[in-house]
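Given next are the chains, with one letter for each unit.
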Amino acid sequence: MTTPPTPNVPARSAASALARSPQAGLLAVLLVLGAGLTFAAGSHADPLTGASINNFLNVHTLIQMATDASSFAIMGVGATIVIISGGIDLSVGAVYALAGVTMAMVLRAAAPLDPAVAVALGLATCLLVSLACGVANGIMVVGLDVHPFIITLGTMWMLRGLAFVTSKAESILVPSALTAVAKAPLGLGTALYPVPLLVMIAVTVVGTAYLARTVMGRHVFAVGGNPEASRFAGLHVGRIRLGVYVLSSLAAGLAAFMGAAFYGSATSSDANGYELYVVASAVVGGASLSGGKGSALSATLGAILIVMIRQGIRTLHLDQNYEWIIIGGAMVLAVVFDQRGTRWLARRAAKNAVARPSSPQ
Amino acid sequence: MAPAVRFTGITKRYPGVVALHDVAFDVAAGSCHAVCGENGAGKSTLGKLLAGIITRDAGTIELDGREVRFDDPAAALAGGVAMVHQELALCANLTVAENLCLGRMPSRGGFVSWPAMRERARVLLGDVGANLDPARPMSDLSVAEQQLVQIAAAVGSGARIIVFDEPTSSLSEGEAESLYALLGRLKARGVTVLYVSHRMPEIFRLCDTVTVLRDGAHVTTVPTATLDERELVRQMIGRELGQYFPSHVGGAPGEELLSVSGLTRPGRFRDVSFSLRAGEVLGFAGLVGAGRSEVAEALFGLDARATGEVRVRGELVRIGSPRDAMKHGIGLVPEDRKVQGLVLPMKARENVTLPFADRVARRTWMSHAAEKALTTEWFGRLKVRASSTEVACAELSGGNQQKLVLARWLAAGSRVLMLDEPTRGVDVGAKAELHARIDQLAADGHGVLLISSELPELINLSTRILVFRNGRVVGEVARVEATQELLMRLMAGLPSHAATA
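Chain order of the listed sequences is L and D.
The first sequence begins at 72 in this note's numbering and counts up one residue at a time.
The second sequence begins at 374 in this note's numbering and counts up one residue at a time.
Next up, chain L with everything else stripped away, as it sits in the complex:
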């Protein structure tokens, strides 16, 4: 009597599962915006072949957007995990900067290096620095019992300042071996760099699997949903909360490695203000700031949406001075639409449930 067999809906299941998925609304917005931009962008002739190329829907623009989105998305997945646990991490931009300049300085001091060694040492440095930052954030949030907004606001400035002081505000070049990896064409045409896109996809997949399938991911949802009940269920609430700051920082470290490698240098002002883009990505992706709700895939889609809006301003030759106004407005709109849409879907599902002979209750 507990579980009536779930009704079998084989054929139309894939489409309806997509429509019912929490990402449906966001995907629809992305598609509509993309179609609109494609339609409005106009086209130009390829200088070599003379073929007509859409100003928005072309490989270069799409890959460029993916590259721009990748750092927000990588950090956005980390931020989502923190937000699901009921916390917030404002220090990711500063962690990015500190990890980037530390790596650049380490590699400069260690030069000359074998290319493979340079890449490995660079990545290891970024991850180690970010790991330390994450542990520091986590220990302070848990140990001092101060709201994470305040702790990470503090560490945001401290870490940014640390990056500034240690690098003496220089822009430090990184070895070309790193750039060769980050800009590897992987068989695509010239000036097409798919590596950031692939890293973004990989991080999203790992983040999604972590949240949906692992014990730790389950614990993150539980702690964010009800810390007291989690304690009564024997969860190590402090350890779990510490862990999410470590993951968020590690994501920032990975993004820093990719960014410095891709652009060939690192400075203490890198990723300035990214923390807000990252939180925006997570929130546009439907993460609830009160905890217990969110998804890694949605955060990535949120990052793509923000970048797409930015790209749209450029493609349509709108005045770029209005970029922030438009992004800010679009973010609020996206969240409002998402919430309304979710409620509308819930109501429709409820009506259907009532219309059908109801399950035993």
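Computed cross-link-like contacts, BS3-like style, restricted to lysine-lysine with a CA-CA straight-line distance of at most 25 angstroms:
| # | chain 1 | residue 1 | chain 2 | residue 2 |
| --- | --- | --- | --- | --- |
| 1 | D | K745 | D | K700 |
| 2 | D | K711 | D | K745 |
| 3 | L | K364 | D | K711 |
| 4 | D | K711 | D | K756 |
| 5 | D | K756 | D | K745 |
| 6 | L | K364 | D | K745 |
Far from chain L, by Cβ distances over 12 angstroms, these chain D residues were calculated:
| # | residue |
| --- | --- |
| 7 | V516 |
| 8 | S530 |
| 9 | R578 |
| 10 | P639 |
Hint data in this document are derived by calculation from the structure and do not stem from the laboratory.
Every residue gets a Cβ at the ideal spot worked out from N, C-alpha and C, and that includes glycine.
Using the hints provided, position chain D relative to the given structure of chain L.
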């Protein structure tokens, strides 16, 4: 004379449920009218509709013969209807006076006039016979005092009709008595009271007329005098309650599962010793604050400052965390299932496996299939009614939520189950069902430690009852000797011939 309130064809739908369907009845002016039914019968929904907190989907409400439509509480207040809520419906961060004057702050030139506000508050409080300092912050008040402030605000706003939503659910006996007295005074002033409750004694004591709702439908409206308790319960649950309490305590107790000696926590409890055998239900009686829940939490590893000797099946153990407790086969169904027991937004299955998620995982990867199988199995054994293992816990009824927490610890392999007020806030039918499960647990060889403030429940279910007072065990009463009077005397510290302390 037109009735004070006339409901006609009232219907209210929520996602997934029809809360009220075509409900129609009259409330006579100046009467105390009970609205009763099981949890989920729609009685609170009806009260909220009248008070403008939610809006109806169909039907009409007439006050004194005139149709009204309240879209928000302010409109209802203006129409003379106020509601006294179960939970705090006031601003905890403000003072009593500020709360009482929230809608219309006395002011001069845009600045709040504090003396005028305190004076008005004093008048309003005096009106309902409440002796409270208006300058006290709301958060300092007891539940009963907060309720008084709500009533003062309702009366002060000139309400002719006041809806009370389970007002005694968190009051002590004495506090409830003063509430009854106040209700009498309200009635004498001609206020019509809609009394939402499922507590038999107070319905029969206070109310002239009783309306029964079942599954959102109107069952009957009759003078209270024409019913007895048994008949009212039958109307509420729609069937005869075969046996209110199960008659367990058949088999002989088995091995000793848990033995506690000298358990002490400064400021909470001192020198608590007892033992629990397989097949036993050991009741903990005591007033609120006597230390019963605190002992259970300490045994569950939630109190780092507790000291004493704990043996599990004869073996001396140290329980420093709930994980230790789980390892030793001890489970706790806590007092407040919504705050301490469940992660409400998570799925039923996820809540069941929460403490031992690592056990239904292979190398950290959760197996949803294994979780579902385990949940389905325990839901079946405990007769949990849920449409699937995937529903959010928030959507389950109170009794089923309680069983879910129980299922969790049984699935974790607990042999000792500590149940803290397991039937609080669950309706009559679910209560009988929970009693049957508790009985069954003991019969299956578990040791049950039952904390309850309902003496009939303790007396009927327990093999033995320990009585707590001010953090100490003051008596142990065997099942055959246990009477409500004896337990009450021990709990309150009154002299008694039969006390074994």
